[in-house]
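Protein chains in written order, with UniProt numbering: chain F, 1 to 326; chain P, 1 to 210.
It is worth saying that the hints were derived from the structure and are not from the lab.
Careful: at least some of the hints might be erroneous.
[Stated by the list, open to error] List of simulated lysine to any residue pairs, SDA-like, C-alpha gap at most 20 Å:
| # | chain 1 | residue 1 | chain 2 | residue 2 |
| --- | --- | --- | --- | --- |
| 1 | F | K81 | P | E72 |
| 2 | F | K39 | P | E170 |
| 3 | F | K39 | P | E72 |
| 4 | P | K59 | F | K21 |
| 5 | P | K59 | F | R53 |
| 6 | F | K21 | F | K39 |
| 7 | F | K58 | P | R74 |
[What the hints assert, rightly or not] From the structure, some residues in chain F lie toward chain P, with a derived Cβ separation under 10 Å:
| # | residue |
| --- | --- |
| 8 | T57 |
| 9 | K58 |
| 10 | Q276 |
[To be verified] Stretches of chain F that chain P covers, calculated by requiring three or more beta carbons in the stretch to come under 8 Å of a beta carbon on chain P:
| # | stretch |
| --- | --- |
| 11 | 46-53 |
| 12 | 143-152 |
| 13 | 207-217 |
| 14 | 304-317 |
The structure presented is a predicted model; accordingly, all values stated were derived computationally and were not measured.
Just so it is clear, CB atoms sit at the ideal spot from N, CA and C, and this is done for glycine as well.
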Amino acid sequence: MNQFQYVRPSKAQAAIEAVAKDANATFIAGGTNLVDLMKRGIATPQKLVDINRLPLTKIERENNGLRIGALALNSAVADDKQVREKQPLLALALNAGASAQLRNMATVGGNMLQRTRCAYFYDLTMPCNKREPGTGCGALEGINRMHAIFGFSDKCIAVHPSDMSVALVALDATVLVTGPKGERRIPFADFHRLPGDTPEKDTNLERGELITAVDVPDGPFTKHVHYQKVRERASYAFALLSVAAALDIENNTIKAARLAMGGVAHKPWRLTAAEQSLVGKPATEETFRQAAAVAMQGAKAFKHNAYKLKLAPNTIIQALKTAAAA
Amino acid sequence: MAMNPEHDAPAGHDEARRTFLKQSSLLTALAFVPAPVVDAAAANLDEKVAGAIEKVPLKLEVNGKKYKLAVEPRTTLLDLLREELNLTGTKKGCDYGQCGACTVHVDGQRVNSCLSFAVMHDGRKVTTIEGLADGDKLHPMQEAFVKHDGFQCGYCTPGQIMSAVACVREGHAGSDAEIREYMSGNICRCGAYSNIVAAIQEVKNGGQKV
Numbered sequence: 001m002n003q004f005q006y007v008r009p010s011k012a013q014a015a016i017e018a019v020a021k022d023a024n025a026t027f028i029a030g031g032t033n034l035v036d037l038m039k040r041g042i043a044t045p046q047k048l049v050d051i052n053r054l055p056l057t058k059i060e061r062e063n064n065g066l067r068i069g070a071l072a073l074n075s076a077v078a079d080d081k082q083v084r085e086k087q088p089l090l091a092l093a094l095n096a097g098a099s100a101q102l103r104n105m106a107t108v109g110g111n112m113l114q115r116t117r118c119a120y121f122y123d124l125t126m127p128c129n130k131r132e133p134g135t136g137c138g139a140l141e142g143i144n145r146m147h148a149i150f151g152f153s154d155k156c157i158a159v160h161p162s163d164m165s166v167a168l169v170a171l172d173a174t175v176l177v178t179g180p181k182g183e184r185r186i187p188f189a190d191f192h193r194l195p196g197d198t199p200e201k202d203t204n205l206e207r208g209e210l211i212t213a214v215d216v217p218d219g220p221f222t223k224h225v226h227y228q229k230v231r232e233r234a235s236y237a238f239a240l241l242s243v244a245a246a247l248d249i250e251n252n253t254i255k256a257a258r259l260a261m262g263g264v265a266h267k268p269w270r271l272t273a274a275e276q277s278l279v280g281k282p283a284t285e286e287t288f289r290q291a292a293a294v295a296m297q298g299a300k301a302f303k304h305n306a307y308k309l310k311l312a313p314n315t316i317i318q319a320l321k322t323a324a325a326a
Numbered sequence: 001m002a003m004n005p006e007h008d009a010p011a012g013h014d015e016a017r018r019t020f021l022k023q024s025s026l027l028t029a030l031a032f033v034p035a036p037v038v039d040a041a042a043a044n045l046d047e048k049v050a051g052a053i054e055k056v057p058l059k060l061e062v063n064g065k066k067y068k069l070a071v072e073p074r075t076t077l078l079d080l081l082r083e084e085l086n087l088t089g090t091k092k093g094c095d096y097g098q099c100g101a102c103t104v105h106v107d108g109q110r111v112n113s114c115l116s117f118a119v120m121h122d123g124r125k126v127t128t129i130e131g132l133a134d135g136d137k138l139h140p141m142q143e144a145f146v147k148h149d150g151f152q153c154g155y156c157t158p159g160q161i162m163s164a165v166a167c168v169r170e171g172h173a174g175s176d177a178e179i180r181e182y183m184s185g186n187i188c189r190c191g192a193y194s195n196i197v198a199a200i201q202e203v204k205n206g207g208q209k210v
């Protein structure tokens with residue numbers, strides 16, 4: 001691993017300045033992805049700004065919702081009483097990710113900023129526009145079993161690996177960031193980006209901007225929720241794909257719905273058209289089947305991931321059925 | 001398993017190598033870092049100090065013993081434990097957070113020691129497999145692993161046991177299914193899983209202090 005300078009500011013402003021003025025500096029929180037990338041030579045920061053001592057771990061009530069500090073651990077959020085009561089979908093998604101040890105290290109902000117697990121991104125001998133812009137996409141004509149079926153470009157077909165983010169985009173969360181130019185709020189759906197011609201950029205954060213918290217507004221989704229994750233072993237594996245489903249049901253009629261998918265695009269994939277198709281309908285398998293068909297419009301597979309065109313609608317239906325029965 | 005490497009470890013080739021590394025890095029540290037700078041840096045690790053020295057001061061309590069160290073920032077907690085503190089009970093399996101062999105407790109929480117830099121844990125309390133037993137008396141989880149044959153080759157065992165203790169303390173050992181889910185971060189190539197689950201069940205149901 002390359003040598004680097006290590007600093008540990010106690011104030012957010014100092015941390016932001018340190019990263020803003022140095023293109024080779026980066027924040028480190030839990031480190032569960034960054035240390036991995038540094039060991040492999042994929043990330044080579046010259047300076048690490050350790051933000052673990054910043055006071056950003058609280059989970060509290062704020063403006064008709066929960067404000068979750070960016071440094072709250074994944075395990076702490078998943079076990080939090082308020083989260084389990086108000087946003088059970090978030091707790092389910094968090095517990096579907098990684099392992100108990102990793103959830104004790106990984107933070108909310110870091111989870112959002114983790115890089116893709118595309119094998120070509122991880123293999124330094126292979127071309128990858130995300131790792132090294134202009135070298136091409138190895139997955140496009142390569143082994144693309146794990147890859148995107150929505151929103152990809154000819155520069156990158158990688159998927160975002162976070163489970164937590166799939167729940168947060170479904171729950172209309174907002175990301176709070178502070179940067180050299182001050183504070184701003186980013187709707188969760190606009191936080192991550194599609195690859196386009198610049199797949200090296202995973203998010204719309206600017207240099208030096210620090211995630212401070214995530215706001216999750218209260219909603220009616222406290223009972224009929226489910227996070228369905230499909231993977232190659234029962235636990236501790238990244239998703240082939242996943243579905244976050246939340247329903248508000250009264251007299252067997254769907255009053256409101258939220259639906260998002262993971263493992264299918266460069267960002268957590270919100271399915272608003274499918275949500276709208278559910279509203280006002282009876283909570284039956286037929287309704288769910290129609291919503292799944294709406295969700296799949298525009299999907300396109302590559303050589304090795306055509307199975308996702310079948311697996312995705314089936315998983316949507318399964319997630320909605322389980323949510324309705326919860 | 002309760003072996004204290006400072007007293008009981010054989011002084012073989014590996015030991016000599018570790019001692020050499022330890023001494024040489026200590027000499028490097030002494031050459032580059034005047035004591036007052038280390039103390040000042042420990043109090044306030046600002047940019048100026050970290051840039052001026054190669055090593056960063058680190059205070060750590062490991063298995064009840066306090067250490068005042070100077071380490072390179074790129075040293076992982078796992079490498080510090082094994083190579084600098086000679087606590088080789090914690091194993092390096094994959095070194096990428098995929099196998100769990102390196103599991104230790106930091107401030108009581110189980111973590112993968114391979115995936116964080118030691119300097120990030122300044123002021124924290126670390127417990128490794130060497131710190132689990134009470135003298136010669138094995139921890140109940142260690143006893144249960146022996147009784148139920150919770151291992152074959154033994155390489156994943158320190159990580160499994162540290163994780164298992166945390167699993168019970170966290171209250172995630174309510175059923176076989178829950179144990180399997182919350183132990184999924186510890187891979188056992190020999191496939192001793194069913195015996196590991198049995199060992200955890202016994203400790204959980206035994207009512208001993210874990």
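Structure-based check of all given hints:
no.	hint	in the structure
1	F:K81 <-> P:E72	40 Å, violated
2	F:K39 <-> P:E170	31 Å, violated
3	F:K39 <-> P:E72	15 Å, holds
4	P:K59 <-> F:K21	30 Å, violated
5	P:K59 <-> F:R53	15 Å, holds
6	F:K21 <-> F:K39	25 Å, violated
7	F:K58 <-> P:R74	29 Å, violated
8	T57	13 Å, violated
9	K58	18 Å, violated
10	Q276	35 Å, violated
11	46-53	holds (count 3)
12	143-152	violated (count 0)
13	207-217	violated (count 0)
14	304-317	violated (count 0)
Checked against the numbered hints above, the structure violates hints 1, 2, 4, 6, 7, 8, 9, 10, 12, 13 and 14; every other hint is satisfied.
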